[in-house]
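Peer 1: Read off the chains here:
Protein chains: 2
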Amino acid sequence: MRQAGRSLPEYRASRSSGSILQAVRDPALAAEITLQPVRRYGVDAAILFSDIMVPLAASGIEMDIVAGKGPIIQTPFRSERDLARLGTFHPETDAPYVAETVKILVSELSVPLIGFAGAPFTLASYLIEGGPSRSFALTKTLMRSDPKLWASLLDRLADMVLASLRSQVEAGAAAVQIFDSWVGTLSLRDYKTYVLAASHKVLTGLQDMGVPRIHFGIGTGELLGAMAEAGADVVGVDWRIPIDEARLRVPGRAVQGNLDPAVCLAPWPIVASEVRKVLADAKGLAGHIFNLGHGVLPETDPGILAEIVALVHEEGRADAEQDSFRTGP
Amino acid sequence: MRQAGRSLPEYRASRSSGSILQAVRDPALAAEITLQPVRRYGVDAAILFSDIMVPLAASGIEMDIVAGKGPIIQTPFRSERDLARLGTFHPETDAPYVAETVKILVSELSVPLIGFAGAPFTLASYLIEGGPSRSFALTKTLMRSDPKLWASLLDRLADMVLASLRSQVEAGAAAVQIFDSWVGTLSLRDYKTYVLAASHKVLTGLQDMGVPRIHFGIGTGELLGAMAEAGADVVGVDWRIPIDEARLRVPGRAVQGNLDPAVCLAPWPIVASEVRKVLADAKGLAGHIFNLGHGVLPETDPGILAEIVALVHEEGRADAEQDSFRTGP
Numbered sequence: 001m002r003q004a005g006r007s008l009p010e011y012r013a014s015r016s017s018g019s020i021l022q023a024v025r026d027p028a029l030a031a032e033i034t035l036q037p038v039r040r041y042g043v044d045a046a047i048l049f050s051d052i053m054v055p056l057a058a059s060g061i062e063m064d065i066v067a068g069k070g071p072i073i074q075t076p077f078r079s080e081r082d083l084a085r086l087g088t089f090h091p092e093t094d095a096p097y098v099a100e101t102v103k104i105l106v107s108e109l110s111v112p113l114i115g116f117a118g119a120p121f122t123l124a125s126y127l128i129e130g131g132p133s134r135s136f137a138l139t140k141t142l143m144r145s146d147p148k149l150w151a152s153l154l155d156r157l158a159d160m161v162l163a164s165l166r167s168q169v170e171a172g173a174a175a176v177q178i179f180d181s182w183v184g185t186l187s188l189r190d191y192k193t194y195v196l197a198a199s200h201k202v203l204t205g206l207q208d209m210g211v212p213r214i215h216f217g218i219g220t221g222e223l224l225g226a227m228a229e230a231g232a233d234v235v236g237v238d239w240r241i242p243i244d245e246a247r248l249r250v251p252g253r254a255v256q257g258n259l260d261p262a263v264c265l266a267p268w269p270i271v272a273s274e275v276r277k278v279l280a281d282a283k284g285l286a287g288h289i290f291n292l293g294h295g296v297l298p299e300t301d302p303g304i305l306a307e308i309v310a311l312v313h314e315e316g317r318a319d320a321e322q323d324s325f326r327t328g329p
Numbered sequence: 001m002r003q004a005g006r007s008l009p010e011y012r013a014s015r016s017s018g019s020i021l022q023a024v025r026d027p028a029l030a031a032e033i034t035l036q037p038v039r040r041y042g043v044d045a046a047i048l049f050s051d052i053m054v055p056l057a058a059s060g061i062e063m064d065i066v067a068g069k070g071p072i073i074q075t076p077f078r079s080e081r082d083l084a085r086l087g088t089f090h091p092e093t094d095a096p097y098v099a100e101t102v103k104i105l106v107s108e109l110s111v112p113l114i115g116f117a118g119a120p121f122t123l124a125s126y127l128i129e130g131g132p133s134r135s136f137a138l139t140k141t142l143m144r145s146d147p148k149l150w151a152s153l154l155d156r157l158a159d160m161v162l163a164s165l166r167s168q169v170e171a172g173a174a175a176v177q178i179f180d181s182w183v184g185t186l187s188l189r190d191y192k193t194y195v196l197a198a199s200h201k202v203l204t205g206l207q208d209m210g211v212p213r214i215h216f217g218i219g220t221g222e223l224l225g226a227m228a229e230a231g232a233d234v235v236g237v238d239w240r241i242p243i244d245e246a247r248l249r250v251p252g253r254a255v256q257g258n259l260d261p262a263v264c265l266a267p268w269p270i271v272a273s274e275v276r277k278v279l280a281d282a283k284g285l286a287g288h289i290f291n292l293g294h295g296v297l298p299e300t301d302p303g304i305l306a307e308i309v310a311l312v313h314e315e316g317r318a319d320a321e322q323d324s325f326r327t328g329p
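So the protein lines, in turn, are chains G and E.
Read in the numbering used here, the first sequence has 143 at position 143, and its numbers run on one by one without any break.
Read in the numbering used here, the second sequence has 295 at position 295, and its numbers run on one by one without any break.
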């Protein structure tokens with residue numbers, strides 16, 4: 001899960017006082033931060049250290065990313081005129097550091113690298129609200145009262161996201177993960193009316209590249225089927241539904257998740273028991289990637305995360321042995 | 001929906017600079033604030049102006065309720081010793097102003113009054129986090145790592161909530177609504193393990209009083225069945241699932257909801273269309289109470305809320321006429 005490094009002392013040391021966007025713009029630093037959790041935890045894949053706002057910032061939208069709060073947009077998106085401010089996003093010229101980071105990582109990693117971007121809805125919500133929101137009132141109001149402008153905005157964002165992900169894959173990323181973190185605020189009806197087309201554009205626009213496409217959001221129990229339909233190969237789910245139930249909602253797709261990150265703050269025996277519950281739910285499922293159900297909480301003890309990875313690997317090996325015993329040599 | 005008055009100028013004038021707890025402690029003022037949205041909107045029931053923290057504040061827990069933020073607890077609940085600080089809650093002596101407000105209202109209202117309280121989980125989350133939270137990390141950690149202390153805390157809170165609601169009904173409330181606003185952060189498994197018993201204690205503890213028990217939370221799509229099982233007659237749902245789908249998840253119960261409060265910020269034709277969608281979803285359902293799916297947003301235009309109430313009444317009358325036409329005289 002992204003932000004896996006956030007709880008590491010070496011991450012805090014590397015980041016020091018610079019902003020996250022400054023860190024992303026420095027390929028050596030961004031690569032180092034990507035590698036830190038891989039070294040510590042021995043996970044089976046790395047996820048590019050980045051921020052969902054990178055393409056927007058690189059195309060000239062003025063913003064601050066405030067620690068513990070999130071992106072704050074200087075002049076939020078409110079009307080037709082703001083479309084002009086968006087411009088287009090050319091990864092090679094606007095954000096060459098991203099592909100450069102990917103290249104460094106691919107040469108250094110012994111596990112696959114997952115590319116990373118935000119989905120159009122979540123990006124639009126930050127642009128319109130001007131920052132994080134609980135009600136997404138301004139976003140939903142624009143979406144409903146000016147569906148044409150909304151569709152143009154989402155389409156433009158889809159183009160930016162797609163360009164960013166294609167360039168990450170071209171540089172060597174072996175999979176992509178698209179975060180629609182806040183889309184769970186919508187009903188299925190609204191998702192289909194206002195969001196699906198743009199997410200579909202991003203996901204199907206990657207099809208020819210032949211890399212697995214992971215699509216994630218939180219509180220998306222009702223949307224999982226539609227998120228799969230949008231073109232995901234793997235749907236990431238939070239802890240609110242059992243992983244086997246999630247799998248039923250995304251026929252033919254794999255699922256990723258879904259340990260509650262808050263579990264990781266409990267003493268180890270409880271963490272182990274909760275990890276085993278997820279694995280038990282997933283038992284026999286074709287296509288399950290063990291993961292947290294949302295980002296690592298900053299106060300998490302890195303030691304616990306290392307133990308989780310070790311436990312999942314151990315249980316996976318035990319399962320594989322049992323299967324080969326059952327099947328016979 | 002509670003907080004219906006929050007967008008009214010007369011509410012802001014009445015509240016002026018005092019805290020919400022001060023307003024609740026003044027029966028004439030609390031009654032006036034309860035009446036304001038009833039006068040404005042012509043709704044079919046009133047909901048007691050109060051705050052979920054009232055029993056806790058009245059039993060001696062030091063707190064501030066910060067406008068736009070929520071309750072801030074001076075010394076959060078963290079260990080066994082904190083149980084002693086909770087004390088017991090005697091509505092007659094600790095918060096006599098609540099029953100007094102109810103009595104004023106019952107004598108003035110021509111519609112039923114709904115009593116009001118927070119549910120044990122949501123109250124515990126404020127006590128433990130010390131304020132609002134996104135991750136509920138401290139709450140979940142205590143819940144999982146000290147299930148005995150957690151159960152004692154929830155049981156004590158259930159007693160307080162039950163005492164408060166019983167006294168509201170004794171004073172004349174015709175129904176009760178129990179807000180478990182944040183319980184949607186839990187999986188169904190965790191809800192059943194850690195929360196159901198306490199909510200059940202509150203809801204079944206009201207059974208002999210013969211008033212409808214409404215139980216509400218947001219993001220509770222996966223929990224609706226269990227919230228009904230806890231002893232609710234009516235389950236309140238947010239906008240994330242269609243109201244007919246919600247009804248299927250709570251067999252034998254009525255449902256309340258579920259217009260997205262953010263809809264109310266759009267121009268009237270859009271609001272009307274969204275209201276009609278909820279009514280269409282609910283068509284033919286035995287037991288639907290039209291409502292918002294969460295509290296009124298402060299920036300809502302009161303005129304829009306009045307139009308919504310009028311539209312729902314009008315469509316309800318049209319339906320009734322059509323039914324009587326179909327059935328014949």
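Treat the hints as calculated values from the structure; they're not laboratory data.
Treat the hints with caution; some may be incorrect.
To give a feel for the contact side, a few chain E residues facing chain G, derived at Cβ under 8 angstroms [stated by the list, open to error]:
#, residue
1, 29
2, 144
3, 145
4, 193
5, 197
6, 239
7, 241
8, 260
9, 263
By construction, the Cβ of each residue, glycine as well, lies at the ideal position given by its N, Cα and C atoms.
Peer 1: Are the hints correct? Go through all of them and say.
Peer 2: For each hint, the structure was consulted:
Evaluation of the residue 29 (chain E) hint against chain G yields a violated restraint, the C-beta minimum of about 27 angstroms exceeding 8 angstroms. Proximity of residue 144 (chain E) to chain G holds as hinted, the smallest CB-CB distance being about 5 angstroms (cut-off 8 angstroms). Because the beta carbon of residue 145 (chain E) sits about 5 angstroms from the nearest beta carbon in chain G, less than 8 angstroms, this interface hint is met. The closest approach between the C-beta of residue 193 (chain E) and any C-beta of chain G is roughly 11 angstroms, which is over the 8 angstroms cut-off, so the hint fails.
Taking 8 angstroms as the C-beta contact cut-off toward chain G, the hint placing residue 197 (chain E) at the interface is violated, the least distance being around 20 angstroms. The interface hint given for residue 239 (chain E) holds, since its Cβ lies 6 angstroms from the closest Cβ of chain G, which is under the 8 angstroms cut-off. With a cut of 8 angstroms, the hint placing residue 241 (chain E) at the interface with chain G holds, because the nearest CB-to-CB distance is about 6 angstroms. For residue 260 (chain E), the suggested interface contact is upheld, since its CB lies about 7 angstroms from the closest CB of chain G, less than 8 angstroms.
Interface restraint check for residue 263 (chain E): the shortest CB-CB distance to chain G comes to about 7 angstroms, inside 8 angstroms, so the restraint holds.
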